[in-house]
Amino acid sequence: MVWNDLPKGAVQGDFSPNNILLDDSDVFESLIDFNIAGDEVFINHLAGEGIFLAYELMGDDKDDCFYEFLYAYMKERPLSRLEMKTLPLIIQVVRPFRFRRTQKIIKLVREKQFTEVERQLSIMLNLLHYEKEGGI
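If you read the sequence shown in the numbering used here, its first letter stands for residue 21, the second for the next number, and so on.
When the alpha-carbon atoms are kept at most 20 Å apart in a straight line, the in silico DMTMM-like pairs for lysine to aspartate or glutamate are as follows:
(1) K28 to D59
(2) K95 to D84
(3) K124 to E76
The hints are simulated quantities; they were obtained by calculation from the structure and are not laboratory data.
Work out the full structure: start from the sequences and follow the hints.
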């Protein structure tokens, strides 16, 4: 069982721009909002936060932002061989099913906008099968 073998530990749980405090020179000063902090598999947290920051805040075509986030993280905390092997699979599962994407589809169904529902589901399916050329 791979999941149990992946490194885990304490995470803040909500690494968003609203929770990052900067000083008057725009230098990182502090991190706030620990209400969903807890223990997590590190690469699951990494994938979720990176996907939120890059795609939900910046737009679906921001692969460069996402991978810059991953590379910056890996400079500070290199990933194990098992994490490197598993991370692409986690990304493939987490990215299509992020909260805002699924909520958008639910809203479209309620509004009976089925053509747009099909388009959004097609995007989700494509993301589920997406593989970055050359790996991570």
